[in-house]
Amino acid sequence: MNRIALVALVGALALTACDSGGPDTEIVNLEATVVTDLPADPTSGRDPETGVPFSNNLFTLYDLDAGEVVLSSDDTDDRSDSLGTAWDIGFQGTTIIFNSGTSGPGTVQAQLLENTLFAELTTAPADGYLQDGENTCPGAAFPGGTSAGSPYVICTGGGNGWYNYDSSQNLITPLSGRTVVLQTSEGNYAKVRILSYYQGNPNPPDPMAPTRYYTFEYVLQPDGTRDFATTEVEIED
Amino acid sequence: MIARHCLPLLALLAAAASAQTVEGTIASEGAPVPFATVRLAETERGTAADAEGTFRLALPELGPFALIVSAVGYEPLRIEGAAAEGETVRLAVALDAVTVETDDVVVTATRTVKALEDVAVPITVVSADDLRQQGAVRLSDALESLPGLFLSDDHGTGLQVQGFASDYTLILLDGEPIVGRTAGTLDLDRLTVAGLERVEIVEGPSSSLYGSEALAGVVNLVTSLPAAGREHAGARVRAGSYGTTDATAEASIGRENWSARAFVNRFASDGYDLTPESFGATVPTYTDWTGDVRLQARLGAATLRLGGRATTQDQQGGFSLGSGELETRYDDTGKRTDWSLHPELTVPLNETVRVTTSLYGARYTTETRYVNQTDGSLYYSDDFDQRYAKAEVQADALWNARNLTVVGGGVIDERLAGDRYSPDASGAAPSAQQVFAFAQHEWAPSRLLEVNASARFDAHSDYAARLTPKLSLLVRPSEALRFRASVGSGFKAPAFRQLYLSFTNAAAGYSVFGATRLEEGLAELEAQGQIAQRYIDVAELDAIQAENSVAFNLGASADVLPGLTVEVGGFWNEVRDLIETQPVAQKTNGQQVFAYFNLAEIYTRGLDASVTARPLADLELSASYQFLQARDREIVDALNEGTVSGRDPDNREYRLSLSDYGGLFGRSPHSATLRASYTLAETTASLRGRWRSRYGYADFDGNGIANRDDEFVAATPIVDLTITREFALPTGRLAAQVGADNLFDTTRGTLVPSLPGRTVFASLGFSL
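Sequence lines, in order, name chains A and B. Using our numbering, the first residue of the first sequence is number 3, and each one after it goes up by one. Using our numbering, the first residue of the second sequence is number 18, and each one after it goes up by one.
These aren't lab readings, by the way, just hints derived from the structure by calculation. Just so we're clear, the structure is a prediction, and the values are computed from it rather than from any experiment. Just so you know, even glycine gets a beta-carbon here, dropped at the ideal spot from N, CA and C. It is possible that part of the hints are untrue.
A few chain A residues facing chain B, derived, Cβ under 10 Å [to be verified]:
| id | residue |
| --- | --- |
| 1 | Glu-122 |
| 2 | Ser-170 |
| 3 | Leu-173 |
| 4 | Ser-198 |
Input sequences plus hints: build the corresponding full structure.
Structure representation (structure tokens):
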């Protein structure tokens, strides 16, 4: 938990005139939260005999509403929190899951938008949401047709989901223009963009850096609307 | 130029008419010469013959006249006669074809000996003199500074031709394919230039003659044998930076009915390390040996030729995995052996037809071992063994001076063994059989025009059969001007891995199967309970196809002045059915099973221009420029639709347009070369410069293309200089040479591992 740094981007607050009679509220711009170096089942070396990497084969589960890790892939003893509905999104290696459908007891609805720039997405789509297990992925394009792939909301495999794999550089980079939109189990809409798969978020990405460390940014609208631009908050005296 | 002289066949016939006229036919060796020019000597009056070679010209004056008859490719002829008033003088004019004497003959473009300037496709020749002058020792040295060619680093030094990766160019030794590629690259550093008479490089597809791999081009290493009465023996040693040494000893002998040449070459290097902060050299230590024998004997009218070559390389390197306390160091040793044997018999059946039967066998094996330095345990081993056997018959029929037909056919048997190419379920090792037939006809209706049509049929046991045609034209409006045009197809067979691979990555858990192994591989995984879900019915799949292209090549060359030649050209290759992997099933471990499919389409197109000048007898200059576009069709379409975005180094996203596209990785849109050689007495200086604009090497912003500045290798200028001095000794000659490659010490770090910076060398050669 203490490895997670929550960084709120500095932005100017947009203040509006307050009503004299009503509750003291103001409209503020929603700001992106950046989560850096979230471990997603990192490997701790290789078996010298077989070359198989050592890892726990566990997901790190994250609660977007609370902005905190529910269960890390390093926590091997008690995994009972994975059965709860607090977590929204889970990471293990390149696989991303959501708490619903075949992946968990929650009610998360999500979709991966293509050709959508994170900053330009000001309103969550009204429909098109799926749960893990319901998706039809671009499994195999072959002469004569295309067949189904994995059923996760974010399809697995290079080029299919959130990342591109460059075998000549052995490099995994987030596909640009791909934005995840979801509704958490608490009913809030959020948009998520993966920034890096490498520890320290090196840019340009460094294939020699330790992998399976996600850096991502997200915007959560806490009021249940689909707006990603602003929200109304109470003014604290 | 040698002009043969013979008397014109001239017939003077008288006929009665009111105005005097001369008419007749123009022919050469019995065939009409179309469109010849007929002119009255010392006047501007004249006419042109028609397509059948007939002409008619009114004579302004009575009495004696003189005609000049000329046509491109023929010796001009002066004919004198006399006409009475009203007479029609009839002539039958016989012209002699110009006989061009030139050393520049090539064999690769048409599988027949042909003058370089008569070839209708783009072709470059590097002569033994060029090789000596620039101090080349390996084939990569010979090709690196040629216009439009680039070397690439990918599991060895490869060659990029017309914007294609190195797997699309066929490399031949005396017309037979050199086998042994790693990740598609045939390492040019494997091949010594010792014993070569010349290197021929044909650009554009030649699959209609050579079959697979001749999609981008063909490089042919041509050896020679001494003429009767000649003997030669020599030795040469060279030493340079990074402990690089090259030594060759050779001997050759030519007799009335036989000739032979043999050499042995040793090439070695200590390697170098561009990343001293980490364990393991960038280029490891290696020693490479080549032995080569060529024989030729006349047996009556027949000629028997035999070529044999054996090479071996030992390599010793190291690398480490992990870092800090977890770092484990490994020794990396590699051994490569390959040999080839090529007997060939040519028998003239009659004055027209000649039949050449050749057998060719080659074998290529590699052994790779990674051994843990701490405990001596074997961490990784990989063996590869490729055998190639071919039998081929080719008949050349020279019907007359205007028609030459070549037909041929043969069979190829290839066998593979190795860790990644295990026997199939029935215990059979991967093997492939292929039959092929080809035909080519060259037709030269006149010196003005030459047409070459060829086609080849290939049927292979493991991919779809195909027919590959090509048509080329050469037009010579004058001796100083040549236009060439060709349209043809090229293909590249699926690589071994795409056909026979049966591989599961132990570390990551995914599996990859070649086309012939997919069904049984999936069945086996399913029987083991490892398949969660199949995406497609693999039994329904069509046979995998060869990657194939349609290509256009256009060019013109003009001898503007004596000693000044200008050439321009353009090429356009549309390539389909490029093979890529796609998942076909999901495994229970969450990973996928991949197979190979014909999917992608690319195009490469470009423009070339070059100028060669010889302002002084001892000074030769040449300069060239190439513009190249090599692009993926799908990406071009997506960019045009505006559906591609990128991220700047601060992770801000923005949309890309076509102008942001850096093209396929490793391709420079602009490149230029400059060469100069100057000879003063016994000393020759050779300066070679090459420059290529930046080229993409990686994708950092997740759109699969090179678009951001840090995704490119910066523009690279390289200048090499070699100085050679020859000395006459009481017996024999001595040649001393010093050279510096990459004079201005250009480096691009680990992005271009083959560019360690400036290197120098000195060599001494002695010949009898």
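Each hint tested on the structure:
1. Glu-122: holds (8 Å)
2. Ser-170: A:Ser-170 check passes; min Cβ-Cβ to chain B is 7 Å, inside 10 Å.
3. Leu-173: holds (7 Å)
4. Ser-198: holds (9 Å)
Violated hints: none; the structure is consistent with every hint.
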